[in-house]
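Chains as they are written, first to last, in numbering that gives the first Met the number 0: chain A, 0 to 266; chain B, 0 to 431.
By construction, these hints were calculated from the structure, which means they are not laboratory data. By construction, the Cβ of each residue, glycine as well, lies at the ideal position given by its N, Cα and C atoms. Please note that a few of the clues may not be correct.
Simulated restraints, written as ranges between beta carbons of each label pair [unchecked claim]: (1) Glu284(B) - Gly157(A): 53 to 61 Å; (2) Pro297(B) - Lys172(A): 38 to 46 Å; (3) Lys172(A) - Gln179(B): 50 to 58 Å; (4) Glu106(A) - Glu25(B): 47 to 55 Å; (5) His23(B) - Arg77(A): 23 to 31 Å; (6) Ala173(A) - Phe120(B): 53 to 61 Å.
Some chain A residues judged to face chain B by a derived CB distance under 8 Å, without partners named [said to hold, decoys possible]: (7) Leu31; (8) Asp39; (9) Ala46; (10) Leu98; (11) Thr120; (12) Arg205; (13) Val229.
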Amino acid sequence: MTAPGAKPRLAVWKFSSCDGCQLTLLDREDELLAVADAVDIGYFLEATSAQVEGPYDVSLVEGSITTPHDVERIQEVRAASKVLITIGACATAGGIQGLRNFADVDEFVSVVYASPSFIDTLATSTAIADHVPVDLELRGCPIDGRQLLEVVGALLAGRKPVVSGQSVCVECKAAGNVCVLVAHGTPCLGPVTHAGCGALCPSYHRGCYGCFGPSESSMPESLAPALAAVGMDESDQGRFLRTFNAWAEPFRSASTVRLPDPHRRQP
Amino acid sequence: MSDDTTRTIKVEALARVEGEGAMHVEIRDGALVGVELQIYEPPRFFEAFLRGRRHTEPPDITARICGICPVAYQMSACEAIEDACGVVVDGPLRALRRLLYCGEWIESHTLHVYMLHAPDFLGYHGAIEMAADHRERVEQGLALKKVGNQIVEVLGGRAIHPLNVRVGGFYRVPTRRELQPVLDGLLRVREIAEGTVRWVGAFDMPDLTYDHELVALSRPDEYAVVGGNVVSSSGLDIPVSAFLDEFAEEHVARSNALHAYRSDGTRYLVGPMARFALGYDRLSESARAAAVEVGVGPDDRNPFRSIVVRAVEVLHAVDEAIGLIEAYEPPDQPAVPVEPRAGVGHGVSEAPRGLLYHRYTLDDEGFITDAVIVPPTSQNQPSIEADLFRLVEQNLDLDDDALRHVCEQSIRNHDPCISCATHFLDLTVDRG
Ligand code: SF4
Ligand code: SF4
Numbered sequence: 000m001t002a003p004g005a006k007p008r009l010a011v012w013k014f015s016s017c018d019g020c021q022l023t024l025l026d027r028e029d030e031l032l033a034v035a036d037a038v039d040i041g042y043f044l045e046a047t048s049a050q051v052e053g054p055y056d057v058s059l060v061e062g063s064i065t066t067p068h069d070v071e072r073i074q075e076v077r078a079a080s081k082v083l084i085t086i087g088a089c090a091t092a093g094g095i096q097g098l099r100n101f102a103d104v105d106e107f108v109s110v111v112y113a114s115p116s117f118i119d120t121l122a123t124s125t126a127i128a129d130h131v132p133v134d135l136e137l138r139g140c141p142i143d144g145r146q147l148l149e150v151v152g153a154l155l156a157g158r159k160p161v162v163s164g165q166s167v168c169v170e171c172k173a174a175g176n177v178c179v180l181v182a183h184g185t186p187c188l189g190p191v192t193h194a195g196c197g198a199l200c201p202s203y204h205r206g207c208y209g210c211f212g213p214s215e216s217s218m219p220e221s222l223a224p225a226l227a228a229v230g231m232d233e234s235d236q237g238r239f240l241r242t243f244n245a246w247a248e249p250f251r252s253a254s255t256v257r258l259p260d261p262h263r264r265q266p
Numbered sequence: 000m001s002d003d004t005t006r007t008i009k010v011e012a013l014a015r016v017e018g019e020g021a022m023h024v025e026i027r028d029g030a031l032v033g034v035e036l037q038i039y040e041p042p043r044f045f046e047a048f049l050r051g052r053r054h055t056e057p058p059d060i061t062a063r064i065c066g067i068c069p070v071a072y073q074m075s076a077c078e079a080i081e082d083a084c085g086v087v088v089d090g091p092l093r094a095l096r097r098l099l100y101c102g103e104w105i106e107s108h109t110l111h112v113y114m115l116h117a118p119d120f121l122g123y124h125g126a127i128e129m130a131a132d133h134r135e136r137v138e139q140g141l142a143l144k145k146v147g148n149q150i151v152e153v154l155g156g157r158a159i160h161p162l163n164v165r166v167g168g169f170y171r172v173p174t175r176r177e178l179q180p181v182l183d184g185l186l187r188v189r190e191i192a193e194g195t196v197r198w199v200g201a202f203d204m205p206d207l208t209y210d211h212e213l214v215a216l217s218r219p220d221e222y223a224v225v226g227g228n229v230v231s232s233s234g235l236d237i238p239v240s241a242f243l244d245e246f247a248e249e250h251v252a253r254s255n256a257l258h259a260y261r262s263d264g265t266r267y268l269v270g271p272m273a274r275f276a277l278g279y280d281r282l283s284e285s286a287r288a289a290a291v292e293v294g295v296g297p298d299d300r301n302p303f304r305s306i307v308v309r310a311v312e313v314l315h316a317v318d319e320a321i322g323l324i325e326a327y328e329p330p331d332q333p334a335v336p337v338e339p340r341a342g343v344g345h346g347v348s349e350a351p352r353g354l355l356y357h358r359y360t361l362d363d364e365g366f367i368t369d370a371v372i373v374p375p376t377s378q379n380q381p382s383i384e385a386d387l388f389r390l391v392e393q394n395l396d397l398d399d400d401a402l403r404h405v406c407e408q409s410i411r412n413h414d415p416c417i418s419c420a421t422h423f424l425d426l427t428v429d430r431g
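Hey, can you work out the whole structure from these sequences and the hints?
Structure follows, in C-alpha cells:
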C-alpha cells in the first residue's frame, strides 16, 4: 500500500465521543512533532483542515456508533484502512453514552430535548467492533498517552505492540501502593479492571472506578463480597460497574443482575 | 456549484474545532437570506442518565462531556451539588480548585491559539504544517501547553478527565514539594506566555465590530472563574441561582445542540471576550500591561481579536497559578464532608469557552432526580450565527472557497466546543 520510502498515512476519525482520546495525541507535547514528521497525516480534523484521500495505513477511531449515518460511515473508514485501531472506552465499549442501552431512549430524548422529533439517533450506543473488524483496541476513558505512542511506534517499526491485558491491581502493586480496598475499605474496581493507566486512582487514595473497562479475565462476581464488606449494597455495586464501560461484558451482565430494571433508582 | 440559478458548495466537516457540525448559507438574487449552523454531533443524553445517580457521581460523569475542558464540567458540577447540600468550599481547597482551573485555561487556550486558530491567520492547514516554517514558535506553544497540562496532571491525576476531583474537594491534596516542579515550569514559560500575546497581537485582522451582549461570572476580588455573580454588559447582576430565570434554552430543528437566549429572546455572548470586557480591572498587572501593549482593551468588540484576548488570559492564568502555588499551605483535610439532603443546587464556573451552568435536584438520600446543563457553545451559537450573517453579507462577492474560509475562521473565533452534543461543520452555500 505504501510506496517504498513513503511515510505511512495516518487518519484519526471521530464518532460519538468527547474528543478526549484524540486529544491525548495532541497532548504528547514532547513527541508530537516527531510523530508528525514520521507519518503523513491524511485525516485528523481536530489538528488540521488538510485532507488526503485514503487508503490509510493506520486509522485511529474514537467514539461509539449512535446514528444510522455512523453505521455507514464506519464501513467506509474500515474499507479505507489497512490497520484499524479503536481508541478509548467509547470506541471499544460504547462509552458513557452506552447507558442508553439499558433504558428507553425515547424517554431520554424527551428529557433533554423539547422537540424529540428533530432528533435522529439509534436506541443504542455500540462499540466499533460490533460493526466492523478491529485490529487492536486501546482501553481507557481516556486512553493513556504512553500506550498510544507505544502502539503507533510499534506499527511504524513493524513490530507487535506491547499492551497488557492484566488488571489494574498488577500495576498498583508495581507502583508500590498500599491496597486502598484492604487497608482503607475504599471500594475499588482495580481487581477487575484492565491495566493501562498505571494505577492512577489508588495513587491518589481513591478506588479505581473502572475507566479502562474489564480486564481480560475480569470476574466482577468474585469482587462482590469485598465490595459488600465495605458497605456497597447491590444497587451501588451495579452503578459502580455501570459507567464508561457499562456495555462491555462482563460489566454489562454483572451490573444488570444488580440493577434488573432501569439502571437508576426510580425517582 | 451546479447550474446558473443554484450554487451549492459542499464542504467537509469543519476542522480545528471540537466536535462536528455543518453550516448552510442561503443567498437569493444576490442577497443573503439566512445563515444556519447545524450541529450534528449526535446527542449523548447526559442530563437524562444523570438521574438516579448519587450526588457524588456528577464530577466523574460530566467530565466526559468534553475532553478539552473536563475541569470546567467537574467544577460547575461540584459547585452545584455543594450548593444543594448547603456546603461552601473555601480557603485552600478553593485555591486549589482555581489552580486546577488555571491549568485547564492554559492548556485549552494554548491549544486553541497555537494549534487551531493561529494557522488561520498565517495561512496553514494546522499547527503541524505551520511547524514546517515556524518550528520554534510551535515548540514554544507546546511547551506552554504542557505546563498547563502538568498542573492538571499533578493536581488532578491526569490531564484529561482528572480523577482526583470530588464533591467537597479532592481525594488527595498535593504537598508543596509536589507543586515545586509545576512552579518551576510556570516560571520557565512565563516569557513564552508574554511572547504569545505579542505574536498574536501582530496578526492581521479584519476590522469588524459586533454588538453582542456580553455575559460572564464576576467577583469583586478576582478575575472570576469559580464563584461570584452572573453579570452582563447591559447591567445584569444576578446570583447564580437566578440563571434560568434570565436565560433560556431553545431546541431548533437544524441542530442537536440547544440554543440559549436571554429570556427576552435576545442573543448574548460568553467566553474570553466577555470575561475580558467585564473583568478587565481584575486581570493580573502584567496581563493588563500586555493587553495595553498590543492595543486590546475592555471595549474591544472584534471577535477576530479573541485570539489576542485568549493569549492575555493565558498570561493571567500563568501569573495567578504562580501566586497560588507560592502562597499554598496544604489544608488539613483533602475535602469537606458533603452530606446529601433534598434540594436544588446551582453551579457556574468559567470554562475556557465561557460560562458553564449546572443545576441538580437531589432527593433526601442524595440521588439526582433532575439535571440541567447549559454549556458555553449552546449559549454562543446564536451570536456565532449573527457574526456569520454579517460577515457573509459583507463578502458576498467572494468566490465560494474564499467565503468558506472566512466563515470557518469566524466560527473558530469562538472556539466552539461541539462535543457538548451539544457539539459541530459542513458548509453549504445555496445561491439559488
Ligand atoms: S473514551 Fe472517554 S475520553 Fe475517550 S472519547 Fe470517549 S468519553 Fe472521551
Ligand atoms: S485506576 Fe481505574 S479508574 Fe483510575 S485511571 Fe486507572 S483504570 Fe481509570
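Right, here's what the structure says about each hint:
For the pair glutamate 284(B) and glycine 157(A), the supplied restraint of 53 to 61 Å holds, since their beta-carbon distance comes to about 55 Å. Taking the beta carbon of each, proline 297(B) and lysine 172(A) are about 55 Å apart, not inside 38 to 46 Å as hinted. For lysine 172(A) and glutamine 179(B), the Cβ-Cβ distance of about 28 Å falls outside the hinted range of 50 to 58 Å, so the restraint is violated. Glutamate 106(A) and glutamate 25(B) have their C-beta atoms about 35 Å apart, which leaves the hinted 47 to 55 Å range violated.
The given range of 23 to 31 Å is respected by histidine 23(B) and arginine 77(A), whose C-beta atoms sit roughly 30 Å from each other. Between alanine 173(A) and phenylalanine 120(B) the CB atoms are about 47 Å apart, so this pair departs from the stated range of 53 to 61 Å. A cut of 8 Å between beta carbons decides the hint on leucine 31(A): the least distance to chain B is about 6 Å, and the hint holds. Given the 8 Å rule on beta carbons, the hint for aspartate 39(A) is violated: about 11 Å separates it from the nearest Cβ of chain B.
With a cut of 8 Å, the hint placing alanine 46(A) at the interface with chain B holds, because the nearest CB-to-CB distance is about 5 Å. At its closest, the beta carbon of leucine 98(A) sits 4 Å from a beta carbon of chain B; the interface hint therefore holds under the 8 Å criterion. Interface hint status for threonine 120(A): upheld, as the beta-carbon distance to the closest one in chain B is roughly 6 Å, under 8 Å. The beta carbon of arginine 205(A) comes within 4 Å of a beta carbon in chain B, closer than 8 Å, and the hint placing it at the interface holds.
The closest approach between the C-beta of valine 229(A) and any C-beta of chain B is roughly 15 Å, which is over the 8 Å cut-off, so the hint fails.
Hint check: violations occur at hints 2, 3, 4, 6, 8, 13; the rest are consistent with the structure.
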